[in-house]
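There are 4 protein chains.
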Amino acid sequence: MNLAAQVQRMIKTTALVLSVMLCYTAVTDCQLNARTEINIPDIGRYKTLKCDFHMHTVFSDGSVWPTVRAEEVWCEGLDALSITDHIEYLPHKSDMVIDFHRPYEIAKPVAESLNLIIIKGTEITRAEPMGHHNALFLSDVNLVDTPDSLDAIKAAAEQGAFIFWNHPGWKRPDGRAVWSPAQVEIFGNGWLHGIEVVNGFDYYPNAHAWCIEKKLTMMCSTDVHAPINQSYDLSGNNHRPMTLVFVQEVSEKGIKDALFKRRTAVYFKNTLIGEEEYLKPIFDESIEILTKNITINGKGRANIQIHNISDVSYELVMEQTGGETEQLITIPANITLYANKTVILPVRGVSVSLSGMKNIKMQYRVTNLLVAPDEYLQVEIPIKVTFVPVANN
Amino acid sequence: MNLAAQVQRMIKTTALVLSVMLCYTAVTDCQLNARTEINIPDIGRYKTLKCDFHMHTVFSDGSVWPTVRAEEVWCEGLDALSITDHIEYLPHKSDMVIDFHRPYEIAKPVAESLNLIIIKGTEITRAEPMGHHNALFLSDVNLVDTPDSLDAIKAAAEQGAFIFWNHPGWKRPDGRAVWSPAQVEIFGNGWLHGIEVVNGFDYYPNAHAWCIEKKLTMMCSTDVHAPINQSYDLSGNNHRPMTLVFVQEVSEKGIKDALFKRRTAVYFKNTLIGEEEYLKPIFDESIEILTKNITINGKGRANIQIHNISDVSYELVMEQTGGETEQLITIPANITLYANKTVILPVRGVSVSLSGMKNIKMQYRVTNLLVAPDEYLQVEIPIKVTFVPVANN
Amino acid sequence: MNLAAQVQRMIKTTALVLSVMLCYTAVTDCQLNARTEINIPDIGRYKTLKCDFHMHTVFSDGSVWPTVRAEEVWCEGLDALSITDHIEYLPHKSDMVIDFHRPYEIAKPVAESLNLIIIKGTEITRAEPMGHHNALFLSDVNLVDTPDSLDAIKAAAEQGAFIFWNHPGWKRPDGRAVWSPAQVEIFGNGWLHGIEVVNGFDYYPNAHAWCIEKKLTMMCSTDVHAPINQSYDLSGNNHRPMTLVFVQEVSEKGIKDALFKRRTAVYFKNTLIGEEEYLKPIFDESIEILTKNITINGKGRANIQIHNISDVSYELVMEQTGGETEQLITIPANITLYANKTVILPVRGVSVSLSGMKNIKMQYRVTNLLVAPDEYLQVEIPIKVTFVPVANN
Amino acid sequence: MNLAAQVQRMIKTTALVLSVMLCYTAVTDCQLNARTEINIPDIGRYKTLKCDFHMHTVFSDGSVWPTVRAEEVWCEGLDALSITDHIEYLPHKSDMVIDFHRPYEIAKPVAESLNLIIIKGTEITRAEPMGHHNALFLSDVNLVDTPDSLDAIKAAAEQGAFIFWNHPGWKRPDGRAVWSPAQVEIFGNGWLHGIEVVNGFDYYPNAHAWCIEKKLTMMCSTDVHAPINQSYDLSGNNHRPMTLVFVQEVSEKGIKDALFKRRTAVYFKNTLIGEEEYLKPIFDESIEILTKNITINGKGRANIQIHNISDVSYELVMEQTGGETEQLITIPANITLYANKTVILPVRGVSVSLSGMKNIKMQYRVTNLLVAPDEYLQVEIPIKVTFVPVANN
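Chains as they are written, first to last, in my numbering: chain A, 110 to 502; chain B, 110 to 502; chain C, 110 to 502; chain D, 110 to 502.
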């Protein structure tokens, strides 16, 4: 056997051995068995759970078996799910034996083997303007299958369900939700606990405002019907829309408690939507100022390095305050603190003669942290600057 | 409203407008509505169809609705599919109304609206050593549901089905297929037309050899059960394993004809497996020599630029021939012609005094084009070299 | 040696062999030796060359050796370049032996070995409002090193140089270019032939308008100083900003001719900017309608599949014409024809009773093909529809 | 203005506003101003610094300005660098004013503004078999420019330099290093402190062995000459080859101390090479067992979830011990703990009748953690299993 033949044999052997190794890897680990954790920090005494409480399976108008929903959610780094198949809309019913409890029963053992929390739920699917509602923590889904629409909501509420209004602006020509008599009645009876501020690819600003005014819980769901990858791009740092739930206890009970107490935020593309009391600590826990103490020579430049440990790229716009900061240094008007990166925030002195040390709080608005439909979270980045006067600068 | 407020408003408006635009795009086009064509050239009078004839749905032990299989196949750039649910293995039967024709019937309108060719098929799932077989082009799947295993194959053959043996080395401790008395009988009766040389992540070298010896058709399938993205990495230039079918006519009939006439090749990771008469033209049609005429000054260097229009990165190892080429120029011992790239193949003169023009055929083996389990396709890269003698070099 | 040890040895051997193979590959081919062709089609009798005529090296204020510019350009799929170091701004002069011809002389052999066209050029770097100009096709750069600014431009013009005004809105507070007396004089003397409509990351709408009004050539450059990857994200389908030059002959002469005759377009991110006579055929050559003949049953849906062979994702917005098309079918208001993908454009019938065949031209504006600062290219997508009436639909 | 025109105007405005925003972002932050931290944990009382002490610039045969080396290193997440231009090989000398201290002097202010540690160094470039050596922490590089080769090493040693032998197997036909009389003398005189176990894409197993036997420091360098992206693929989780230095103090002094005390490891592709005392804690600090307490019912399955916080994907092969573990549970023969992912390690019971709680240490070899050329790090994964007997299983 000549050298070329030997080389070929070696390469072939290598390729096959490797192929076997990679194959095994690919089928067992790379796809199903590897989970990408979502980096959104815990806040204070609450753990931040990543949840999706609105999804479908072949048991209503979805196109996957219930176990797929648990597997997808685990792979993507979520902690809890609820399968919420329609009661009233069953296009596969001639091919399936419909039983409203089956999606939960089928998915439960898989979810549990993956350490996920799975919550029994359903979608109550009625005509507009009442529209669709999800009911979580039901004990008997069959009781919600009533002829009258309000009766269905009532039947869910009587089981202690957490009920939220789905995609409130859906089918409206302008995409804006309307608070109709149906909502007046449901809310008036204490049967409405939350609204989807985001469903799939749609953000509903007025639903956002209602959650603040009426003290309802902000929800964010996929409403996914197809395999998740058909509907959402999950490459790179992308993720499904989800509800962040701030729990005291990692359990179904912990989630239920947090949902009823409005301890949630919406995580949608690169935006977080929620009350300031939750968004502020998320931002503060996400960033680490690596160079807190800087020295500026006259009108010279210094670099502040900021590391963002979260998956959210924070988009900062300077808040003009007319305050002390602007009399001491100039700071960038815009800066992005990229997800999982360290970024340089350059600052410059404004005077050749300044001396001594100053504590400075740079003021910014984070334009992708919405505390209300028209309002961005205000944040401070504290640094300590030693000013050194310079003769000619 | 001060400037900062204006800026914020502008940014917000932009973000929302953009968000709406992107959303629409994402849900409608980016995921479901965009297809990545597979670049493997047509050869001579045959069109190269990309096909997968082995996949499952919720109707047997898969986890997706049949329509998903057509959508996945279209997105990935394939041209034809067959859903081959098990007849004998029906783990979902308590939740489903099983009818062996339903997967095909449900998927057909979706496949047709996507211009795909869908072929009725089934998997005949019997105990080892007979093992599993797929039967394509069946008219009545129910006739194959027989108590006796051989009867099932016979019933399929009598309908004119194309029958191939699935994952022949599956469950063998060494992964090698065995040609048992069952195969002797099936093959002897003329009921066996092909074998899966690749199933999922496994390549069966002896099945490959049998296809050559016994004139059987080489098949390559996913045998996918889950949503395709759960089992296969489809990012970048990756693709599912598939059978290339060389057809005279783009139709079910064209495919049937090609399958029975053994006009197929296996496309598995970055490897093509098939008869030389198919692999050779695929290679030749894939590459374009951009700089066919080069000039070499003495022992100097010249760059040959080669553009590969296919999705296969060809891995070339020089074939030592002792022939004329080696007396004129030195060429790289190894080179990869990257998929969809232009690559430089550098050559050098071996003499300061050579002059005149020569037609040279560089000889290589392509180690990822397998014409037999132990044999790589031999190829030639023809160039025209003008040698210029050099005084001192 | 026990089995585990054997397995380990095998894995290690494999890993090392592979490592060696991959190493070689990586250093020789993957990085420097592989070129990604840019897919923008040729048009009519012109070949579409991809060019960058504005870049710097260590010989002025850049940070790379001249050969790097040729290597980068080749890897990225461009066809021609000009290194245009500053004459007047030489921050490295205490470390370098400055000679204005050296960047060209050093880069030329590398460029030629890569089949690139390299053009001698320089940047004439004078104070605002005259600003900076590039002069291409110079024979003697030293003659342009004059005390007076206008003399420099004149000296370049007298050598037959092609002269274009760089980043015309640079340093303006609002980013808008101003046509100052300096421009009046240079243009009046016939010394100005083009303007950078795009420089780096900046688009100058009024420079765009001037090119149309004053019959100047539209230019697009990187003005790159650092290694290209430090300034531009080239991952995925990204590319540097560049000038498309439509040549009759692939040569320096062909480029010079095209530049003086204004046969160029700007390729910037996902946008093309140019005259309709160039953008229209680029669009038409980019798309292939795979399903030209469709059938619509009553108010049913049909899918038109369109394959885009170019690297530009065309963003279409329906043009409301009130014409025949709208009386026959409804078409999507927005659709993106993704780069290198096949996309579905779904259409629907508007009447149950329509019958017969119609040739329909769907009218769209392509919002990323700018024929003027305020105007998008209008395009037609022709299809042939067979209408089939339906009883109840 | 009709609706279509309005839509177009809106889209255009959006696109331009966004384009401006993205531009700024891209040029300022995305490329130069964002750093990707390298996740390799600190160990015990040592911080793990990521360092590259072998690179070139235009001042010898490299192709970038010295500042580029500091910028590249910062972007890629390294902590320290040394520019080591050749003294004896100066191909650019007719274009440059060569001064051996200039690369350091030019790069230093940029490195410091980025909080990097930059160390003065040089490459002493002599003929084989002595070969090339890097000398770090020099005070006067000129003193090393001696006619005699050994004198040069001596001159560096006398300045207290840390001296390591570069690419020891370079230019050998078989790629294996040879310990020649030159090495005997240099080592015998105490002038040799380390060897490059990896240079660029090459691993030298016998240099690895010598580092262990002769108590030399293991080094890993790029020896980069071109812009880093031309030579190395840095996409995804890829990184340049580098030396990990385990320091007590983050300073030049801390690095010098660690280098002389052999507290280093090699980080090359997905492999770490080093003494067990460093690799063991890196592995242990990298992985977190999320489900330490599992329950196994009879011969049932349980999932252990392991989160790997490092950038290294650990490749585990089961160590067959014949010990207790194998009598209690079956564990996977191979598993990859993917970088930055959570992976499932599935285990199964072996007996229906087992009961009670057991502490089990699963034994694995990590085939990409090399403690010697033929030896992989042995690790334990401790879990606590509660066995529940099952009637029929």
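Quick caveat, the hints were computed from the structure, so don't treat them as lab data.
One or more hints might be untrue.
Identical chains share a label here; the pair holds if one copy fits it or two copies do between them.
[To be verified] Straight-line C-alpha distance at most 30 Å; calculated DSBU-like pairs for lysine-lysine:
{"no.": "1", "residue 1": "Lys202", "residue 2": "Lys280"}
{"no.": "2", "residue 1": "Lys408", "residue 2": "Lys280"}
{"no.": "3", "residue 1": "Lys401", "residue 2": "Lys156"}
{"no.": "4", "residue 1": "Lys217", "residue 2": "Lys202"}
{"no.": "5", "residue 1": "Lys323", "residue 2": "Lys467"}
{"no.": "6", "residue 1": "Lys323", "residue 2": "Lys401"}
{"no.": "7", "residue 1": "Lys217", "residue 2": "Lys493"}
{"no.": "8", "residue 1": "Lys401", "residue 2": "Lys365"}
{"no.": "9", "residue 1": "Lys378", "residue 2": "Lys156"}
{"no.": "10", "residue 1": "Lys263", "residue 2": "Lys370"}
{"no.": "11", "residue 1": "Lys378", "residue 2": "Lys324"}
{"no.": "12", "residue 1": "Lys401", "residue 2": "Lys467"}
{"no.": "13", "residue 1": "Lys263", "residue 2": "Lys378"}
{"no.": "14", "residue 1": "Lys493", "residue 2": "Lys389"}
{"no.": "15", "residue 1": "Lys324", "residue 2": "Lys280"}
{"no.": "16", "residue 1": "Lys408", "residue 2": "Lys263"}
{"no.": "17", "residue 1": "Lys362", "residue 2": "Lys217"}
{"no.": "18", "residue 1": "Lys370", "residue 2": "Lys467"}
{"no.": "19", "residue 1": "Lys470", "residue 2": "Lys370"}
{"no.": "20", "residue 1": "Lys493", "residue 2": "Lys263"}
{"no.": "21", "residue 1": "Lys323", "residue 2": "Lys217"}
{"no.": "22", "residue 1": "Lys202", "residue 2": "Lys408"}
{"no.": "23", "residue 1": "Lys467", "residue 2": "Lys202"}
{"no.": "24", "residue 1": "Lys370", "residue 2": "Lys217"}
The model shown is predicted, which means the values in this text are computed figures rather than measured ones.
Outcome of the hint check:
1. Taking the closest pair of Cα atoms, Lys202 and Lys280 come within 30 Å of each other only inside a single copy of the chain (25 Å); across copies the shortest separation is 37 Å, beyond that limit.
2. When the C-alpha separation of Lys408 and Lys280 is checked against a cutoff of 30 Å, the pair qualifies only between copies, where the shortest distance is 20 Å, while the shortest distance within a copy is 57 Å.
3. In the homo-oligomer, the alpha carbons of Lys401 and Lys156 lie at most 30 Å apart both inside one protomer (28 Å) and across protomers (20 Å), since each shortest distance falls under that limit.
4. For a Cα distance limit of 30 Å, the shortest separation of Lys217 from Lys202 qualifies both inside one copy, at 22 Å, and across copies, at 19 Å.
5. Proximity of Lys323 to Lys467 under the C-alpha cut-off of 30 Å is found in neither arrangement, the shortest distances being 44 Å within a copy and 53 Å between copies.
6. Taking CA atoms no more than 30 Å apart as the test, Lys323 paired with Lys401 passes in neither setting, with 41 Å inside one copy and 43 Å between copies.
7. Taking the closest pair of Cα atoms, Lys217 and Lys493 come within 30 Å of each other only across two copies (24 Å); inside a single copy the shortest separation is 53 Å, beyond that limit.
8. For the homomeric pair Lys401 and Lys365, the shortest alpha-carbon distance between copies (26 Å) is at most 30 Å, but the shortest distance inside one copy (40 Å) is not.
9. Taking the shortest alpha-carbon separations for Lys378 and Lys156, only the intra-copy value of 21 Å comes in at or below 30 Å, while the best inter-copy value is 35 Å.
10. With identical chains, the CA atoms of Lys263 and Lys370 are at most 30 Å apart within one copy only, with a shortest distance of 20 Å there and 66 Å across copies.
11. For the homomeric pair Lys378 and Lys324, the shortest alpha-carbon distance inside one copy (24 Å) is at most 30 Å, but the shortest distance between copies (44 Å) is not.
12. When the C-alpha separation of Lys401 and Lys467 is checked against a cutoff of 30 Å, the pair qualifies only within one copy, where the shortest distance is 12 Å, while the shortest distance between copies is 48 Å.
13. Taking identical chains as interchangeable, the C-alpha atoms of Lys263 and Lys378 are never at most 30 Å apart, the minima being 34 Å within one chain and 54 Å between chains.
14. Only within a single protomer do Lys493 and Lys389 lie at most 30 Å apart by alpha-carbon distance; the minimum there is 21 Å, versus 39 Å between protomers.
15. Taking identical chains as interchangeable, the C-alpha atoms of Lys324 and Lys280 lie at most 30 Å apart only when both belong to the same chain, with a minimum of 25 Å there against 50 Å between chains.
16. For the identical chains of this complex, Lys408 and Lys263 are neighbours neither inside a copy (68 Å) nor across copies (40 Å), given an alpha-carbon limit of 30 Å.
17. For the homomeric pair Lys362 and Lys217, the shortest alpha-carbon distance inside one copy (16 Å) is at most 30 Å, but the shortest distance between copies (45 Å) is not.
18. When the C-alpha separation of Lys370 and Lys467 is checked against a cutoff of 30 Å, the pair qualifies neither within a copy, at 41 Å, nor between copies, at 41 Å.
19. In this homomeric assembly, Lys470 and Lys370 never come within 30 Å of each other (Cα to Cα): the closest approach is 33 Å inside a single copy and 43 Å across copies.
20. Taking CA atoms no more than 30 Å apart as the test, Lys493 paired with Lys263 passes in neither setting, with 58 Å inside one copy and 46 Å between copies.
21. When the C-alpha separation of Lys323 and Lys217 is checked against a cutoff of 30 Å, the pair qualifies neither within a copy, at 34 Å, nor between copies, at 49 Å.
22. For the homomeric pair Lys202 and Lys408, the shortest alpha-carbon distance between copies (26 Å) is at most 30 Å, but the shortest distance inside one copy (74 Å) is not.
23. Taking the shortest Cα distances, Lys467 and Lys202 never come within 30 Å of each other, neither inside one copy (71 Å) nor across copies (40 Å).
24. Proximity of Lys370 and Lys217 under a CA criterion of 30 Å is satisfied intra-copy only: 26 Å inside one chain copy versus 49 Å between copies.
Comparing the model with each numbered hint stated earlier shows that hints 5, 6, 13, 16, 18, 19, 20, 21 and 23 do not hold.
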